[in-house]
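S.K.: Chains as they are written, first to last, in this note's numbering: chain W, 1 to 306; chain R, 1001 to 1390.
If you are wondering where the hints come from, they were derived from the structure by calculation, not from laboratory data.
Any given hint might turn out to be false.
DSSO-like cross-link-like pairs, simulated, lysine-lysine; straight-line CA separation at most 27 Å [what the hints assert, rightly or not]: (1) R:K1344 x R:K1368; (2) W:K84 x R:K1276; (3) W:K253 x W:K274; (4) W:K247 x W:K257; (5) W:K57 x W:K33; (6) R:K1010 x R:K1151; (7) R:K1288 x R:K1276; (8) R:K1194 x W:K84; (9) R:K1288 x W:K38; (10) W:K57 x R:K1288; (11) R:K1151 x R:K1231; (12) W:K84 x W:K38.
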Amino acid sequence: MAIKDLPREELMYSGAGSCPGCVDLLSLRMTLKALGPKTVLISPASCTASIATSYPKSPFGVPVLTMAFAAGGAAASGVVAALKQLGEDGVNVVVWAGDGGTYDIGLQSLSGAMERGTNFIFVCYNNEAYSNTGIQRSGATPFGAWTTTTWKGKVEQRKDMPGIMLAHRLPYVATASPSYVEDLFRKVQRAASIEGPKYLEYQIPCAPAWRFPMERTIEIGRLAVETGAWPLFEAVDGKVEFNLRSKQILEGKVQRKPIEEYLEPQGRFGHLFKPVRNETALDEIRRFLDAEWERYGKLAACGVAV
Amino acid sequence: MTTMFDVGNKIAAKAVQLCRPEVIAAYPITPQTVIVEELARMVEAGELTAEYLRVESEHSVMAATCSAASMGVRTFTATSSQGLAFMHEMLHWASLSRLPIVMINVNRTLGPGWSIWVDDTDSMSQRDTGWIQLYCSSAQEIFDTVIQSFKLAEHRDVQLPVMINYSAFTISHTMMPAEVLSQEQVDSFLPPFKPYWRLDWRNPVTFGNVLSDEYHMEKRYTMQQGMERAKQLIPEIAREYEQRFGRFHGGLIEEYRADDAEYLLLAVSAVGSEAKVAVDNLRAMGYKVGLGRVRVVRPFPDEELRRLGKGRSLIALDRNISVGSGGIVYHETRSAVLGVAGCKVYGYLCGVGGRDVTYEDIEGMALKVIKGEMHPDVVGWWDLKTAGGN
């Protein structure tokens, strides 16, 4: 589907107070377009919960239940259970959580909801830090990134959250990027068409946290995919298939661009380049990505559920 | 009406079943587990048409319960002790969302060190979370209170969650008889839940928005109004229940031989029922002692205590402690009766951490006050095994 063919109906209106260049709400707008109005949105504490919903105003054309930070998954189970009692069929229940509400404080509740088989979609919009509270490091922050709790750069690699979700044997797990919006739209619709617990994760480049000019958000998201820092894939019943550029990389049709092209424009990695290049750290990042892509290749090739 | 002879928890589950909850979320913790086990069995056996969520923690229990209640269905859960403490954030969430959730908390000691025995600090330390708190002293009272609680919580003027508390093991696991209503009787008393608002995709509103200081104080004010109204409605609903089914356990405070009492014991739950034996024995010895069994801690029964305190000595028996302050019923009572003519308030900490409190203990505490061996400003530690006890 081309962008011009996306539904014209808006379920996310203008007026929300996001930062300039923010693709969190852009992604949410596209997600809601894909789902339609018969949707209940659950919003655990995150940027979205604070920038989009200042009483008495709301930019949403779907009902929204804001929720405690740790409780996105549990809230979905409660809403779905109530819908069953009310005899309401065909209502999409969607949790819209940041990486903190997914990787860290939200993990137990998310894991519980997935294991319970709750029929819902959990979307992690991953901007790779606690941006809302002032850019602190999370379990999703990549190695080397500056944050306000890792002034010299994070010393650990991020955890493999989609992998953790695959280990729950979900019927659908996918990654996406608002820089590839048609792919994102398609994956939301596909998730909505499948019964059971579904997991989507979007990489959300965050201009204030990642320290790049706001007008470059979409470009940075593309560079993440082109350099292999963010893979695009989907897994139906555990069988992993890579998409678009990521698929071409695995098939050897294109090379991953040098990782510096993604890192250097971002101020959060500035200390890896200035005043002197930190080759040790850059090597570590390359080693990590090489290993990841070797693993991705095996996942795609083996053709069996993980 | 039939007679059921079973442990307090099973009788509680029976009452919950008759109230037709639509969503139950649960996580196991001793000693409440029997309740949620029994409800799970009922759902699986088709004896109860509810969605039963087996969630992975108490925090998630209350999150799922709040979310289901936000969709406009009747909800129930049960917990104890560490579980209640783990829910703390979501307890505020439930009341600030004005959700009429009913929860049983079986009072149990908080660890470390681990203990499963009764202590009321778990619920008393949650008294500022905006939940109505009721304390029961028998299986029959639990049965009747569960049914009344849904009606109270769902009342338009209240719309606050209700926590029903009773003592670990001495009530939860003790076999007692209870008169059980039929489904028709409960249905005639408790109509289906009609929410005043709910999340509905046909009417897309955002709930729980960022709220400025322009509104927050007013929001708390309406909650306080709900609590004040509950002070009237708790006795009203109890009297309506009495008219229909012939049983009454007291309003905010159950008075026992209180009319001419010079000394009035104040206690909750199991200590409250044990104190009746002590009152009878002390009366037989010639002492004018009565009991005010505190059934409701939130809203706190200030007016009743002022009435009961006039010209009397009140003796608060606390099986809880706010460390650094003292017994919670004692301190709240002192605050309530400030300036009441002739009222002295004495306080004991007793049975804290689960040590048994017998009628003999209660007689001993009362006699020390009667004999002038206690000072109202100094809280006694009853049966303390190190120096400093009374």
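S.K.: Does each hint hold? Answer for all of them.
M.R.: To see whether the hints hold, each was checked on the structure:
As the CA atoms of R:K1344 and R:K1368 are separated by approximately 14 Å, the hinted pair is consistent with the 27 Å bound. Taking the CA atoms of W:K84 and R:K1276, the gap is about 47 Å. The hint is violated against a cut of 27 Å. Between W:K253 and W:K274 the CA atoms are separated by roughly 33 Å; this puts the pair beyond 27 Å, and the hint is violated. The straight-line distance between the Cα atoms of W:K247 and W:K257 is roughly 14 Å, inside the 27 Å bound, and the hint therefore holds.
Note on W:K57 and W:K33: the hinted pairing holds, with a Cα-Cα distance of about 20 Å set against a maximum of 27 Å. At roughly 21 Å between alpha-carbon atoms, R:K1010 and R:K1151 fall within 27 Å of each other, so this suggested pair holds. In summary, the hint linking R:K1288 to R:K1276 is supported, as the alpha carbons are separated by about 13 Å, within the 27 Å threshold. Between R:K1194 and W:K84 the CA atoms are separated by roughly 17 Å; this keeps the pair inside 27 Å, and the hint holds.
A hinted pair counts as satisfied when its Cα atoms are at most 27 Å apart, and R:K1288 with W:K38 does not qualify at roughly 67 Å. The straight-line distance between the Cα atoms of W:K57 and R:K1288 is roughly 62 Å, outside the 27 Å bound, and the hint therefore fails. The straight-line distance between the Cα atoms of R:K1151 and R:K1231 is roughly 14 Å, inside the 27 Å bound, and the hint therefore holds. A distance of roughly 15 Å separates the Cα atoms of W:K84 and W:K38; the hinted pair therefore holds under the 27 Å criterion.
Of the numbered hints stated above, those contradicted by the structure are hints 2, 3, 9, 10, listed in ascending order.
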